[in-house]
Amino acid sequence: MATAHYSTFDRLRLPAYDNQKQMQTGDLLFDREKCKECGVCVQLCPGGCLLADTATKMDLISGKAKGGKYGVPHVVTMRSGATLCIACYDCGAACPHGAISIKRNFNPGYHFKRLTQTSEMRYPKRY
Amino acid sequence: MNVKYEELSPLGTYEEGMPWNPVEKIIVERRSIRSFKKEPLPDSMIRRILEAGRFAPSAGNSQPWRFIVVKSREILAEMEKDAIRVIKFFMFFLDYTTGNRVRRIIARFYAAVLIRILPNELHPVPFGLMSQIAQGKTPVFHAAPILILLVEDRRGVSNPPMDIGICGQNMVLAAHSLGAGACWIGLIKVLMYLPKWRKKFGIKYPYKLDVCLAMGWQKPKADGPVPREAQVVEWYDKGLNDPPRTTKQGE
Chain A
1 MATAHYSTFD
11 RLRLPAYDNQ
21 KQMQTGDLLF
31 DREKCKECGV
41 CVQLCPGGCL
51 LADTATKMDL
61 ISGKAKGGKY
71 GVPHVVTMRS
81 GATLCIACYD
91 CGAACPHGAI
101 SIKRNFNPGY
111 HFKRLTQTSE
121 MRYPKRY
Chain B
1 MNVKYEELSP
11 LGTYEEGMPW
21 NPVEKIIVER
31 RSIRSFKKEP
41 LPDSMIRRIL
51 EAGRFAPSAG
61 NSQPWRFIVV
71 KSREILAEME
81 KDAIRVIKFF
91 MFFLDYTTGN
101 RVRRIIARFY
111 AAVLIRILPN
121 ELHPVPFGLM
131 SQIAQGKTPV
141 FHAAPILILL
151 VEDRRGVSNP
161 PMDIGICGQN
171 MVLAAHSLGA
181 GACWIGLIKV
191 LMYLPKWRKK
201 FGIKYPYKLD
211 VCLAMGWQKP
221 KADGPVPREA
231 QVVEWYDKGL
241 NDPPRTTKQG
251 E
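Residue numbers (the numbering used here), protein chains in the order written: chain A, 1 to 127; chain B, 1 to 251.
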């Protein structure tokens, strides 16, 4: 079986949500050359965890930030080093320039461990 | 990135490796849309989408659902405000990932207890989302012009929540195939802590409200294929005592 092992210890222990060692949070790679700094990804991020230099998600939704370039976005990292990104890739699906790629996918530990989902990311395949 | 396919396969046929047919295309390219234009969908279109839900399969044909369409801007704004208020209240006690050190250490104890009681509602993903909402960094209902509340009749056959899921997904796919966008929102649960909203929508036994759909025109268009984790699949296709063969779906 290629599935991950889930022990009693795993089941009983809750990961600390802000600890990168216990909970692998997602991370993204922004291609600085392809990025046109349009802010689409910042606006679309479900958790509001992308940040551009001059605009936040709420600015873009409420229309406070208008037009222009917002700077190459980045994933917000907490003090502990963990992010809130779960690599859902909504940003990447919407990016008109294809500038975003997944650097690290989301993989919570211990109690929430993923078992049959492997860490390889694949596009839909036509069998 | 929005992908343009040069051709789509006709419905009702299959050949190995053929291009997507229109239904599959909608399924693989559907993304949860969280950014909408201000103007709502026309009423006739909402009714067409509801029709897809009405014809969803359900256990024993019990159809354990009731639909509520919320279009009023005032009500939507009020719902957003109250949802944020409830989430802020909970996160004040639970959020051990922000604030000063003393607060974080104390909160961690009872957060752990509550996470054990509600492991699904307080999974790391919604926990992080609620933390962001409490800090005012992201909205709850994404300023959607329409909410369709999927109210569950708890007296349904077998497993009513699953029927609600099937019904809702039918509507989501219908909406995307018509060019609109939709997103499942489970956080409407927090409104059910307030008697005001339970009364307003008539949520008392046998009804239960766990989930709703935000709908509207996409702004910007965000549908498109994304990579997902490859899955390990077991195939039992030999004898009774033979071990299963495994494949990686997506490889």
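Calculated directly from the structure, the hints in this document are not laboratory data.
Each hint should be verified, as a subset may be incorrect.
Calculated lysine-lysine pairs in the DSS-like style (CA-CA distance at most 30 Å, straight line) [to be verified]:
#1 A:K36 x B:K71
#2 A:K36 x A:K113
#3 B:K196 x B:K38
#4 B:K38 x A:K125
#5 A:K36 x B:K25
#6 B:K189 x A:K125
#7 A:K66 x B:K137
#8 B:K221 x A:K69
#9 A:K64 x B:K219
#10 B:K25 x B:K221
#11 B:K37 x B:K71
#12 B:K238 x B:K200
#13 B:K199 x A:K64
#14 B:K238 x A:K69
#15 A:K66 x B:K196
#16 B:K38 x A:K103
#17 B:K71 x A:K34
#18 A:K64 x B:K25
#19 A:K69 x A:K36
#20 A:K64 x B:K88
Comparing the hints with the structure gives:
1. A:K36 x B:K71: Roughly 35 Å separates the two Cα atoms, so the pair is violated.
2. A:K36 x A:K113: violated (37 Å)
3. B:K196 x B:K38: Holds: B:K196 and B:K38 sit about 26 Å apart, inside 30 Å.
4. B:K38 x A:K125: violated (35 Å)
5. A:K36 x B:K25: Measuring from Cα to Cα gives roughly 28 Å; hence the hint holds.
6. B:K189 x A:K125: Violated, at about 36 Å.
7. A:K66 x B:K137: holds (18 Å)
8. B:K221 x A:K69: holds (19 Å)
9. A:K64 x B:K219: With Cα atoms ~16 Å apart, A:K64 and B:K219 stay inside 30 Å; holds.
10. B:K25 x B:K221: holds (15 Å)
11. B:K37 x B:K71: holds (14 Å)
12. B:K238 x B:K200: Distance of about 57 Å is beyond 30 Å: violated.
13. B:K199 x A:K64: violated (36 Å)
14. B:K238 x A:K69: violated (60 Å)
15. A:K66 x B:K196: violated (37 Å)
16. B:K38 x A:K103: Not satisfied, since the Cα-Cα distance of roughly 34 Å exceeds 30 Å.
17. B:K71 x A:K34: Answer violated: B:K71 to A:K34 is near 39 Å, above 30 Å.
18. A:K64 x B:K25: Violated. A:K64 to B:K25 sits at ~35 Å, over the 30 Å cutoff.
19. A:K69 x A:K36: Holds, at about 7 Å.
20. A:K64 x B:K88: At roughly 24 Å apart (the allowed maximum being 30 Å), B:K88 and A:K64 satisfy the hint.
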